[in-house]
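Residue numbers (the numbering used here), protein chains in the order written: chain A, 5 to 307; chain B, 12 to 345; chain C, 5 to 554.
Heads up, some of the hints might be wrong.
Straight line, CA to CA, 30 Å or less: simulated DSSO-like cross-link-like pairs of lysine-lysine [as the list claims (entries may be wrong)]: (1) C:Lys-235 with B:Lys-103; (2) C:Lys-492 with C:Lys-79; (3) B:Lys-103 with C:Lys-202; (4) C:Lys-74 with C:Lys-367; (5) C:Lys-167 with C:Lys-178; (6) C:Lys-106 with C:Lys-171.
Keep in mind the hints are simulated off the structure, nothing from the lab. Fair warning: this is a prediction, and the values are worked out from it, not measured in the lab.
The primary structure of each chain is shown beneath.
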Amino acid sequence: MSVAELEAREVGLEGPSSGLWSEAWRRLRHNPSAIVGFVMVGTFVFVALFAPLIATHDPLEQDLSLLNGGCCPGPSAEHWFGVDALGRDLFSRVVYGARYSLLIGVVSVAVGLSIGLLIGAIAGYAGGWVDSLLMRLMDIMLSIPGLLLAIGIVAALGPGLVQIMIAVGVTQIPIFARLLRGSILATKETDYILAARSVGIRGRVILSSHVIPNSISPVIVQGTLALATAIIDVAGLGFLGLGPQDPSTPEWGTMLTDTTRYLQTAPFLALIPGAAIVISVLGFNLIGDGLREALDPRFRGRA
Amino acid sequence: MLRYVVRRLLLLIPILFGLSILVFFWVRALPGSPISSILGERATPALIQQYKERYGLDEPIYKQYVKQLRAWSHADFGTSIATHRTITYEIKQRFPATVELAVAAMIFAISIGLPLGFFAAKKYGGLFDHASLFISLIGISIPVFFLAIILKYIFAVRLGWLPTVGRQSVLIETEHPTNFYILDAIITRDWAALWDAIRHLILPAIALGSIPLAIITRITRASVLDVQNEDYVRTARAKGLAPITVDQRHVLRNAMLPITTIIGLQVGLLLSGAVLTETVFAWPGIGSWLRDAIFNRDYPVIQGGILFVALIFVLVNLIVDISYAIINPRIRYS
Amino acid sequence: MRGIALKAILALAACAVLVVTLGNSSGSKASSTLIFAGAADPTYLDPALASDGETFRVTEQMYEGLVALKPGTTKVIPKLALKWKSANRGKTWTFWLRHGVKFHDGTPFNAAAVCANFNRWYNWSGAFQDPSATFYYQAIYGGFKHNEVSGLQPPLYRSCAAKGQYKAIVKLRKASGTFFPSLVIAPFSMQSPTAMRKYGADQGELRNGTFRATGSYAFEHPTGTGPFKFKSWTIGQKVEIVRNDKYWGQKAKLSRVIIQPISDSTARLQALQNHDVNAYDLAAPQDIPTLSGNSSLKVIKRPAFNVAYVTIHQGSGPMKELKVRQAVAYGLNRKGVVNQFYYGTGKVAQEFMPPSLYGYAKKVQTYAYNPTKAKQLLNSSSCHVPCHIDFWYPTAVSRPYMPDPVRNFQGFQASLENSGFSVTPHSAPWRPTYVAKVNEGSAGDLNLIGWTGDYADPDNFVGTFFNQTTANAQFGFSNASINSLLLKAKNEANFAKRVALYQKLNQQLMKYLPGVPYAHATPALGAEKRVHNLIATPVGGVWFQYATVG
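With the sequences and hints as input, model every part of the structure.
Pasting the structure below:
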């Protein structure tokens with residue numbers, strides 16, 4: 005145990021007690037919306053992870069003979085969700101699509117979160133002109149509405165799966181940066197931090213034992229919501245034709261582009277991948293919302 | 012107060028400057044040249060070289076930037092390659108369309124979101140609360156273009172109640188002094204045109220409005236919950252005032268305040284959502300214009316359009332910030 | 005509170021009912037109006053300044069040229085000129101004009117008007133000499149009276165003289181085989197000199213590198229001689245044209261046509277399904293089964309006037325050898341690809357121009373899919389099995405001649421691999437890099453590309469592909485025999501001789517195999533069943549003159 009930690013312990017300044025987390029968890033467990041969310045996300049992650057075991061066919065395999073009557077035969081015993089315009093099993097494509105969506109969501113948010121938190125931490129802690137400069141940069145990024153910024157980045161990088169992940173990730177940076185900076189600034193001013201400082205505890209200790217734990221909850225909430233937004237934004241980019249260039253990729257957003265023209269004859273082609281997007285995104289939103297309520301100190305002591 | 016406004020205005024300058032540099036270099040970072048886009052298979056290397064000279068793309072980059080700044084200062088945003096019309100002209104035509112759509116979307120979102128959030132707060136923890144939360148969350152969980160497609164499919168294609176595309180039926184003849192179709196119809200007292208404009212506006216407004224709907228519902232609910240437990244509300248109740256009066260006089264009024272703060276954010280979401288919604292409904296606004304331009308590599312349009320959108324966004328946020336500072340004096344001194 | 009909620013719900017329901025019952029759901033009830041959806045707004049209604057099909061679709065109803073293509077075919081027929089003769093080895097052309105024709109503004113159409121049009125084009129200066137302004141004029145006639153821009157060719161046109169009311173004599177500086185066939189296209193329509201003068205048709209400027217017409221002629225006063233005349237243009241929304249009751253020929257049956265731009269093809273389809281429009285252009289091939297399957301809609305097909313082909317670049321790889329090129333031809337399963345990925349709208353191409361065009365050779369060397377033969381050829385060449393090649397294809401695009409490039413590529417890749425090749429795939433987005441790469445020859449040994457004809461002349465196909473510059477750049481070869489034949493045919497003024505020359509050229513091309521043509525596609529229109537006699541022309545236009553609705 006280092007001196008610093010001993011010091012922190014002595015003055016009784018520890019991170020938020022485990023009481024906050026367990027209470028939050030209890031509230032979350034009793035929130036029906038959040039439970040539904042967990043079920044949805046759980047299913048989504050399960051399907052994504054075990055896709056090869058769940059899918060009934062190869063998502064890329066084309067069986068053009070099924071299309072002899074034009075597009076497209078609907079759900080049947082052989083093909084649970086029917087078959088798409090190139091004779092591929094829709095159920096398997098949707099199942100594998102979960103992988104892409106999960107991957108895209110996680111990577112984009114990881115990019116946005118890591119860079120954003122770094123910038124936010126530097127700005128919040130350093131203060132002064134560094135803070136001003138970084139926040140002005142964030143303002144400039146925020147002055148272009150999210151989707152347009154993502155479109156702009158993809159236009160410059162060229163279309164493709166990796167590029168849209170980067171683009172969507174970049175649009176998340178200012179949000180996380182602002183979040184952490186705000187948290188740091190708020191915590192900096194609180195009485196107990198001032199007290200700790202006056203006692204002589206070093207900045208780094210304060211950062212790790214107080215600022216960061218207190219900022220984690222909004223970051224977790226925002227992270228969950230960011231995952232939801234990322235999946236939607238990527239679908240939007242795919243819809244505009246900026247997504248993975250290989251149209252055989254079973255990504256849900258791109259699947260929506262190809263199939264909107266069949267709404268009158270084969271609506272399930274669009275409705276099913278669309279429903280998949282809605283369910284997974286809704287799941288994350290429900291969890292994020294539930295988390296926000298559970299971790300909100302204002303609601304402490306209430307039912 | 013004045014000092015705050017001045018401070019915010021001054022902050023605007025580096026932001027605009029940074030934005031102009033960002034957009035300028037970004038457009039030039041886009042791969043390829045506009046010529047090959049227009050001419051397609053007909054683009055011979057000789058022709059491409061000719062065009063390069065025309066656009067001054069051969070000059071050093073700082074010279075191009077200065078030339079561009081000078082042009083912008085004259086409010087010359089360039090000419091569209093595809094349509095040969097000035098960007099300013101296109102914006103004048105298309106911006107009212109997007110504004111009309113955005114306003115309609117907000118009206119829809121507020122008129123449904125406000126009562127929904129209010130009642131959800133009133134019946135906190137109950138079934139209505141959870142159900143309304145669920146519904147509003149679906150609003151932000153459906154990709155806006157997917158919702159647009161579904162609405163279009165159900166109400167236009169399948170049921171045939173509403174039109175599929177555009178702002179106005181091509182069979183209607185009206186004057187458009189303001190380019191806000193509903194306003195124009197009222198001004199010229201053309202009631203058939205008014206009905207027609209409203210019918211075309213409904214589906215896109217609902218699709219676009221689904222995003223702010225969710226947010227407004229939740230913010231209203233949260234702020235009503237907050238205000239309800241404030242002391243002055245409890246006092247009012249203790250005084251013996253009827254619940255309705257308490258609600259109207261204190262709760263509602265104070266709960267509305269936070270909503271104004273999120274309007275700035277909403278504008279950004281609406282502009283993003285407009286790109287997708289306008290594409291699905293062939294709505295002739297800024298969103299579909301930008302989408303087509305990016306697809307066709309119409310560089311002047313992309314540059315001028317994005318700059319314009321960012322400008323609007325920044326200005327709206329500025330106005331919102333200043334008006335909030337007027338309402339809430341504590342903000343000015345932070 | 006509950007009371008208010010209930011009232012609100014009732015009010016909303018009432019509104020919904022009103023909206024539904026009072027609204028019209030169908031587009032055109034009157035049978036004398038046709039609403040047509042195109043993909044984009046016109047640029048100008050002065051066709052001399054435009055190069056896009058959307059503009060031409062509108063102007064072709066209002067303007068006419070000296071000659072025209074018989075609707076739906078590529079046969080040249082008299083229009084404003086009744087008779088014509090070429091003399092002096094194709095350098096002098098005499099046109100005898102139709103009598104009693106008036107422009108929409110009442111001024112007479114005569115020889116003076118014809119010369120006024122030709123001279124207008126020739127005398128263009130300043131901004132009008134920019135390729136973004138007068139693309140087609142420059143493509144056919146080269147340059148102007150005073151070339152002010154570098155890179156302009158010397159002018160083909162010399163002069164025009166009006167002999168009396170109805171005889172115009174056009175003199176060219178040298179013989180040209182393309183002059184006469186090009187007179188059918190929209191940019192060379194006859195426009196009213198009076199109107200052009202009055203409304204500033206020659207006012208324009210170059211702004212930020214793009215041409216802009218600044219007079220009001222191109223926006224509000226287009227004046228031609230056609231069966232329809234201009235009514236209004238709400239930019240971005242619709243163009244409205246009405247029947248010309250003083251038309252010299254068969255009057256239109258429709259009293260009015262409205263052309264509306266809808267850029268998304270699915271939105272166009274849905275507009276038709278919803279009967280918001282009566283017909284639309286550029287139907288996506290995947291929608292054709294949907295249209296055919298709908299009991300109130302139909303598909304109107306165009307005669308094919310395009311060609312999709314596989315470029316063979318002879319630069320540095322194995323393609324220099326004829327045997328290897330022949331192996332490629334035998335190794336491409338063209339029939340399979342066309343059958344599977346053209347949704348019934350394509351047929352296999354055996355030559356580099358469509359069969360409907362004169363100059364198409366009756367018999368050429370054909371190359372049916374034969375993997376065995378391909379392997380044999382390879383093994384007897386310097387590139388033994390497996391012969392490694394780079395094959396490029398475009399992404400993010402659908403062209404009229406190649407609706408599904410990616411699938412085409414995948415089909416070809418599989419059949420080539422079957423035939424002794426080892427294919428390395430490469431792709432680039434159509435916009436902005438693919439075409440440039442193909443044109444400059446940096447798109448591998450093989451690549452997919454195509455062409456839609458502008459006007460009915462073989463030079464617009466084989467001349468565009470195999471002229472010396474392009475042959476060198478795109479295909480990486482230089483063949484004196486092909487080149488000289490091409491030039492001879494281009495400049496031959498005698499029609500019968502020209503046809504024979506082009507036929508010979510096509511036979512040579514299919515022996516030499518600079519590439520392998522593989523499909524002619526028929527881009528289609530979607531329409532309501534009650535629309536009759538709507539004719540789609542091969543070069544991409546539409547005729548409303550004979551159409552009726554209901």
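*Sort out whether Lys-79 of chain C lies within 30 Å of Lys-492 of chain C, counting only the CA atoms.*
holds, 22 Å
*Please work out if Lys-167 of chain C and Lys-178 of chain C have their alpha carbons no farther apart than 30 Å.*
holds, 22 Å
*asked:* Tell me if the straight-line CA distance from Lys-103 of chain B to Lys-202 of chain C falls inside 30 Å.
replied: Since the Cα atoms of Lys-103 of chain B and Lys-202 of chain C sit roughly 28 Å apart, the hinted pair holds (cutoff 30 Å).
*Is Lys-106 of chain C close enough to Lys-171 of chain C, meaning Cα to Cα at most 30 Å?*
Between Lys-106 of chain C and Lys-171 of chain C the Cα gap is close to 16 Å, so the pair holds against 30 Å.
*Pair hint Lys-74 of chain C and Lys-367 of chain C, alpha-carbon separation not exceeding 30 Å*: Status holds; Cα separation ~26 Å.
_Proposed proximity, Lys-103 of chain B with Lys-235 of chain C (alpha carbon, max 30 Å)_ = Measuring from Cα to Cα gives roughly 23 Å; hence the hint holds.
Comparing the model with each earlier hint shows no violations; every hint is respected.
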